[in-house]
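For the sequence shown, this note's numbering begins at -8 and goes up steadily by one.
Since the hints were made in silico from the structure, they are not lab data.
It is possible that some hints are incorrect.
Claimed, not checked - For lysine-lysine, the following DSSO-like pairs were computed, each having C-alpha atoms within a straight-line distance of at most 30 Å:
#: 1; residue 1: K28; residue 2: K342
#: 2; residue 1: K467; residue 2: K489
#: 3; residue 1: K52; residue 2: K342
#: 4; residue 1: K21; residue 2: K486
#: 5; residue 1: K484; residue 2: K494
#: 6; residue 1: K342; residue 2: K58
#: 7; residue 1: K330; residue 2: K342
#: 8; residue 1: K342; residue 2: K503
#: 9; residue 1: K21; residue 2: K484
#: 10; residue 1: K438; residue 2: K200
#: 11; residue 1: K21; residue 2: K489
#: 12; residue 1: K482; residue 2: K21
#: 13; residue 1: K28; residue 2: K484
#: 14; residue 1: K482; residue 2: K467
#: 15; residue 1: K484; residue 2: K342
#: 16; residue 1: K342; residue 2: K486
#: 17; residue 1: K342; residue 2: K505
#: 18; residue 1: K505; residue 2: K489
#: 19; residue 1: K21; residue 2: K240
#: 20; residue 1: K28; residue 2: K489
#: 21; residue 1: K52; residue 2: K21
#: 22; residue 1: K503; residue 2: K438
#: 23; residue 1: K503; residue 2: K21
#: 24; residue 1: K505; residue 2: K486
#: 25; residue 1: K482; residue 2: K494
#: 26; residue 1: K494; residue 2: K467
#: 27; residue 1: K342; residue 2: K21
This structure is a prediction, so every number in the text was calculated from the model and none was measured.
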Amino acid sequence: QYSHLFDNVATLFFAIFMGIWVTLFLEFWKRRQARLKYEWDLVDFEEEQQQLQLRPEYEAKCTQKKKNPVTQEMEPYLPLTSQAVRFCISGATVLFWVSLIIASMIAVIVYRLAVYAAFASLMENTQTLQPISGLLTPQLATSVTASCLNFVIIMILNFFYERIAIWITDMEIPRTHMEYENRLTMKMFLFQFVNYYSSCFYVAFFKGKFVGYPGAYTYMFNRWRNEECDPAGCLIELTTQLTIVMAGKQIWGNIQEAIVPWICNWWGRRKARNNPENLYSRWEQDHDLQTFGALGLFYEYLEMVIQFGFITLFVASFPLAPLLALMNNILEIRVDSWKLTTQYRRPVAAKAHSIGVWQEILNGMAILSVVTNAFIVAFTSDMIPRLVYYYAYSENEDSPMSGYINNSLSVFQISDFPERNEPKENPENFVICRYRDYRYPPDHERKYLHTMQFWHILAAKLAFIIIMEHVVFIVKFFVAWMIPDVPADVKAKIKREKYLTQKILHEYELEKLKERLCQGDKRATEKEFIATEGRMELSRAM
């Protein structure tokens, strides 16, 4: 019943809608960005100008100099060998931390495998837990505790990696501020992507897919049996994982953004308690507030992009994710406004042509979201097996889905268990057991091999992925082509301003030439006069 809340046909259409909505969101953001760019007079602001502005740290650390081909001036530079060594150290550090995330995820999987039996035994033998045993199954208890443990590990790794990422970016000595921000952005996003989403990818695409079958189970490190999905399927576990990680991240983020600066400011103002107000002036109080810093806005962007990933990459498993994100953002707008106006010094404004590399990251995640949602619907949910049974294997015309559960369970003969897996007790003298899979029964000549229905379902899953991806991608690219990046009225205003600027400059040149003609230098200025009139005609035509 729980899994059916999310594992139904409506979720499929919602996933397709979200794939198209992402494109609409990004296209309308481009239009909004173009309008803001015009209103803030940044149309002619080229960020290439910033490429000529060297970072003070770069100038201080680079002792060798060479001529800049653009400015034709001598400026400091970093030798290629030194750059290569620094990039190798940087890449190795990032790779090490990504490996650390994967190792921590494997540790959580081992935790799941180790405590599952303990939870099952505890719930069976504890009388006080019997009334809730129907709601709190051993699988659910293991999944919830593992998700909480995974969230704590994510936060700890995140805390340390933020400092490591800044250190290795400083070590690379980027040439300009733009290069510095782009390199730091890619490092932080890569790490956060693996950190936050790796556990969700594991539950969605790997858990329960390589468990084997009774008598031939697969084992991790030859010790722990690979964990299976909940009897209701892996989708409900993915929903649990997403809820805990996403909600926990949002709550922790608001605590970090609001409560921590407030505590720091309260602790910093304690020195003023013993001083009269005339000795602790307003400007001193403002100076003692927290510094927003050059990377203050960077963390806001990173938070929004990670949230964007949660509501797009896995929306097929948790359709309530966009609602959680909306509620969080309504709260965060107020928290950010309170924080910036009361807990931080006024930030130093800086010009920007766009949101920079974040736009490319959002575009990449929008494309990836179509693929992940198609795979979730096909391989994590039970939608495709149900549809295959409905159209190809149902024998009851009045109630086509009756018999589906029985059809999805295979038969295993208990006497076929090897000694390692043989049950210790069998008081009821059971002869067979049932398990979720599509395999031949023990009395078949191809016993325990996959049935033809398994291959029909696999083919249907692959066909569904290809069809869904192509349909959504075609609609996405058509919508992106239909919506212009710059609104028509903004484009007209920009052209109008350029035309007026050219007209004023040409009229000024014409007046100067007329003055020179009146002063006598007739032959030298006649050609300039004709050329200027020609430029004015060309400007009018444009």
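Comparing the hints with the structure gives:
{"no.": "1", "hint": "K28 with K342", "result": "holds, 10 Å"}
{"no.": "2", "hint": "K467 with K489", "result": "violated, 34 Å"}
{"no.": "3", "hint": "K52 with K342", "result": "holds, 26 Å"}
{"no.": "4", "hint": "K21 with K486", "result": "holds, 19 Å"}
{"no.": "5", "hint": "K484 with K494", "result": "holds, 15 Å"}
{"no.": "6", "hint": "K342 with K58", "result": "holds, 28 Å"}
{"no.": "7", "hint": "K330 with K342", "result": "holds, 22 Å"}
{"no.": "8", "hint": "K342 with K503", "result": "violated, 36 Å"}
{"no.": "9", "hint": "K21 with K484", "result": "holds, 17 Å"}
{"no.": "10", "hint": "K438 with K200", "result": "holds, 20 Å"}
{"no.": "11", "hint": "K21 with K489", "result": "holds, 22 Å"}
{"no.": "12", "hint": "K482 with K21", "result": "holds, 13 Å"}
{"no.": "13", "hint": "K28 with K484", "result": "holds, 12 Å"}
{"no.": "14", "hint": "K482 with K467", "result": "holds, 24 Å"}
{"no.": "15", "hint": "K484 with K342", "result": "holds, 21 Å"}
{"no.": "16", "hint": "K342 with K486", "result": "holds, 22 Å"}
{"no.": "17", "hint": "K342 with K505", "result": "violated, 41 Å"}
{"no.": "18", "hint": "K505 with K489", "result": "holds, 24 Å"}
{"no.": "19", "hint": "K21 with K240", "result": "holds, 28 Å"}
{"no.": "20", "hint": "K28 with K489", "result": "holds, 15 Å"}
{"no.": "21", "hint": "K52 with K21", "result": "violated, 38 Å"}
{"no.": "22", "hint": "K503 with K438", "result": "violated, 99 Å"}
{"no.": "23", "hint": "K503 with K21", "result": "violated, 43 Å"}
{"no.": "24", "hint": "K505 with K486", "result": "holds, 28 Å"}
{"no.": "25", "hint": "K482 with K494", "result": "holds, 18 Å"}
{"no.": "26", "hint": "K494 with K467", "result": "violated, 42 Å"}
{"no.": "27", "hint": "K342 with K21", "result": "holds, 17 Å"}
When the structure is compared with the earlier hints, violations turn up for hints 2, 8, 17, 21, 22, 23, 26 and for no others.
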